[in-house]
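Protein sequence lines correspond, in order, to chains A and B.
Numbering of the first sequence is given in our numbering, commencing with residue 11 and proceeding in unit increments.
Numbering of the second sequence is given in our numbering, commencing with residue 11 and proceeding in unit increments.
Please note: incorrect hints may appear among the correct ones.
Heads up, the list lumps identical chains together, so a pair's fine if it works in one copy or across two of them.
[Stated by the list, open to error] Straight-line distance between alpha carbons at most 30 angstroms, and here's what the computed DSS-like set of lysine-lysine pairs gives: (1) Lys-256 <-> Lys-100; (2) Lys-413 <-> Lys-15; (3) Lys-436 <-> Lys-203; (4) Lys-15 <-> Lys-256; (5) Lys-12 <-> Lys-257; (6) Lys-12 <-> Lys-135; (7) Lys-100 <-> Lys-257; (8) Lys-257 <-> Lys-21; (9) Lys-290 <-> Lys-21; (10) Lys-134 <-> Lys-15; (11) Lys-257 <-> Lys-25.
Think of the hints as simulated: they come from the structure by calculation, not from any bench.
Listed below are the residues making up each chain.
Protein chains: 2
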Amino acid sequence: MKQTKIVLSEKEIPKQWYNIMADMPNLPKPPLHPGTQQPIGPDDLSAIFPMALIEQEVSQERWIDIPEEVLDIYSLWRPAPLYRAHRLEKALGTPAKIYYKYEGVSPAGSHKPNTSIPQAFYNKKAGINKIATETGAGQWGCSMALAGSLFGLDVTVYMVKVSYNQKPYRRIMMETWGSAVHPSPSLLTQTGKKALDDDPDNPGSLGLAISEAVEDAATHDDTNYALGSVLNHVCLHQTIIGLEAKKQMEIAGDYPDIVIGCCGGGSNLAGIGFPYVQDKIAGKDVRVIAVEPASCPTLTKGDFRYDFGDVAGLTPYMMMYTLGHNFIPPGIHAGGLRYHADSQLVCQLYHDGLIEAKAYHQLTVFEAALQFANTESIIPAPETAHAIKAAIDEALICKEEGKEKTILFNLSGHGYFDLQAYTDYKEGKLSDYEYPEEKIKEALSQLPIIK
Amino acid sequence: MKQTKIVLSEKEIPKQWYNIMADMPNLPKPPLHPGTQQPIGPDDLSAIFPMALIEQEVSQERWIDIPEEVLDIYSLWRPAPLYRAHRLEKALGTPAKIYYKYEGVSPAGSHKPNTSIPQAFYNKKAGINKIATETGAGQWGCSMALAGSLFGLDVTVYMVKVSYNQKPYRRIMMETWGSAVHPSPSLLTQTGKKALDDDPDNPGSLGLAISEAVEDAATHDDTNYALGSVLNHVCLHQTIIGLEAKKQMEIAGDYPDIVIGCCGGGSNLAGIGFPYVQDKIAGKDVRVIAVEPASCPTLTKGDFRYDFGDVAGLTPYMMMYTLGHNFIPPGIHAGGLRYHADSQLVCQLYHDGLIEAKAYHQLTVFEAALQFANTESIIPAPETAHAIKAAIDEALICKEEGKEKTILFNLSGHGYFDLQAYTDYKEGKLSDYEYPEEKIKEALSQLPIIK
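The following block holds chain A by itself, in its conformation from the complex (with noise of 0.2 angstroms):
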């Protein structure tokens, strides 16, 4: 019998995060504050952070310990498995070799839970009760309620009201492990306040809800606010994906040519990503490869500049490829994948030529995900399709050169809340969206500049 899957023990675990901050040939540029446009230190970020989190934010340390308390939980579905994709590669007929990770084992279903895990551990230990987030589809709002109810906080997410409506499924598995579910905009905060009495019938949107947690968390002195992606710290916690990965595809006896993940904020990309750009940067050959929506081309059309993370401009400037803060992609279903910039870690190693960046229509990447489910019986949530179209992608250029490549993916999640874009794509309701060039370079000259 041919191996399909490569398991380890909980014993193999990583014992430490990787920190490839380390290892980049050329660090972001600092962030700097809204207001006074200087870099921000430690005490910018405190009333919304712990300590411990803001020094993994900036340090240069190659390995940082994960705690004892977070491996315990991790345990609970750590190690991930990681598979070869032996029927995929049947059906397409390449020589090719692809593997991929699987992060749907989660309780959460998606890799989010590797940092709300730890992040609710920090908090709880710098004596903080309350986290205040918020959540678009779901999938981030699930995994800090996971965290929550494992440590003993209270969460309180702010979920984009559309998101809310739409998806009730998201939302009772939050309430299930103990969260409180708010739609924003709500009238718990100013900003929500504002946004309703200005609209009463504003749908919400992200970056309203990251305004809405931010302020939650600035105004209460037990309350700290959590983000899923983009930070360093996060990008940290997903190492483990990587890390695990490389064990595994050792006991498999192959290393990869080309290491695949899709690319929202970048935490996932980091994840599996972040350990091979390590080898790269010491002369291994190896691709790493982001992989977008075309509705949402940060890296491969936006611009190389700083700015900010969120749409009302409460964040620091960040150094990052951005399609300006202001810029609302199309509805496309991969929500996750609808982020306006990308981790400034992400951007850089891109700016140096250590990744490469792909971008895909949503129509190709849902076939892609049909493919993957009817030879590999894993249906993956939307944002993941984009990193197995990607794969398929590079497997029949294989085929097509009569090259054994290896490739290896992140399926980052599974697709088991997002039944509906499945039928939609069916019954031909999903369409293209061409790229919004005027759109685009509309947000961008709306920027301050920075010197």
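Please build the complex by placing chain B on the supplied structure of chain A, with the hints as guidance.
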């Protein structure tokens, strides 16, 4: 770090199923033809089942080889992990050790693919290209759809109309795996047409959907029928659960005093339990407990007698504990446990004192489910939560008596598609249904007397 879960490599997947008919002190009385009331033979079944499955239905061989092609698919998610519920134990303050086997890791989210996969394989091998089946809540339909996708079989699923409308995600999942899903009653069968003639608004029932699927199979040469529980060969296939669990418990250095499974048609209980019943027959001190809903108390309140497996009386008479095939259980959320009878193997073993049974009302079951979700992190299916409730109760008895017993239960499926039930529970919309003694007496009084 305490060990939380025990994983096996795919090389350690059991290579044979365990057939309890080799060891039962008393075999069930033979199934009888619904017309002649004479014992049925293989020919009576060959119109809708392939011969390999009919042979398994009657075999008394102790070990039956699992085909290589089935093992190949099993390895997509098997071996399933075994967990030690440290966090639940701590919350209960019990000296008992609680273990659970987790079958929700299958792509369909439950143990059901353990039998849909071999059923698809044997049908395909027999030259059958189409399977007709039914589904109530959707678990079985999804599992058969998955199997059809992987073996290239056309699967037609008759889905109880009320579920079809209420559970679109389950329907879409089946369609994503390529199955055709029809609300039942449908216009595709005589049974369906008649039902719609009588009442155009007929919401459907599992019994009716079974009749449609059986008619479809019986009236099309290239089409067979598949059933997701009750039958001997289904119980056989599910024993892979208990066989794996035995290996894992050995690695953990423990042997269960108590083995628990929820019980609707009986295949889940058979899966986790039969390999331990084998030990019990051989003299080992182990209790195996079937857990059922108090509103459909087949084992705890039913009669042991011949009855039909379906509402319409098309199936053979089988010797079972039954509430009467006309018994309509209340609409509890654990749809998979709403069956008027049980596997004849489970019933015979219960009759012979080798299996125990317990019944619980649904409010206490959901309370247990929430406690589990907030300690062990997995949100269980409502069916599965019955087993959790029983495990918690046994652990609390241990606490009272100061005994360090070892408890093992099967976490047969996750509740991702059942979240509405959780919100209904939290909002106080669920109630306990009193045991409808009169209705059961009435349903039983209508049964024909078989000598």
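Each hint tested on the structure:
1. In the homo-oligomer, the alpha carbons of Lys-256 and Lys-100 lie at most 30 angstroms apart inside one protomer (24 angstroms), although the nearest pairing across protomers, at 35 angstroms, exceeds that limit.
2. Only within a single protomer do Lys-413 and Lys-15 lie at most 30 angstroms apart by alpha-carbon distance; the minimum there is 23 angstroms, versus 39 angstroms between protomers.
3. Taking identical chains as interchangeable, the C-alpha atoms of Lys-436 and Lys-203 lie at most 30 angstroms apart only when they sit on different chains, with a minimum of 28 angstroms there against 40 angstroms within one chain.
4. Proximity of Lys-15 and Lys-256 under a CA criterion of 30 angstroms is satisfied in both settings, with 14 angstroms inside one chain copy and 21 angstroms between copies.
5. Taking identical chains as interchangeable, the C-alpha atoms of Lys-12 and Lys-257 lie at most 30 angstroms apart whether they share a chain (19 angstroms) or sit on different chains (22 angstroms).
6. In this homomeric assembly, Lys-12 and Lys-135 come within 30 angstroms of each other (Cα to Cα) only across copies, at 21 angstroms, whereas the closest approach inside a single copy is 46 angstroms.
7. For a Cα distance limit of 30 angstroms, the shortest separation of Lys-100 from Lys-257 inside one copy, 25 angstroms, qualifies, whereas the shortest one across copies, 33 angstroms, does not.
8. Taking CA atoms no more than 30 angstroms apart as the test, Lys-257 paired with Lys-21 passes in both settings, with 13 angstroms inside one copy and 19 angstroms between copies.
9. Taking CA atoms no more than 30 angstroms apart as the test, Lys-290 paired with Lys-21 passes inside one copy only; the shortest distance there is 28 angstroms, against 34 angstroms between copies.
10. Taking the closest pair of Cα atoms, Lys-134 and Lys-15 come within 30 angstroms of each other only across two copies (25 angstroms); inside a single copy the shortest separation is 36 angstroms, beyond that limit.
11. Taking the closest pair of Cα atoms, Lys-257 and Lys-25 come within 30 angstroms of each other both inside a single copy (13 angstroms) and across two copies (28 angstroms).
Checked against the numbered hints given earlier, the structure satisfies every one of them.
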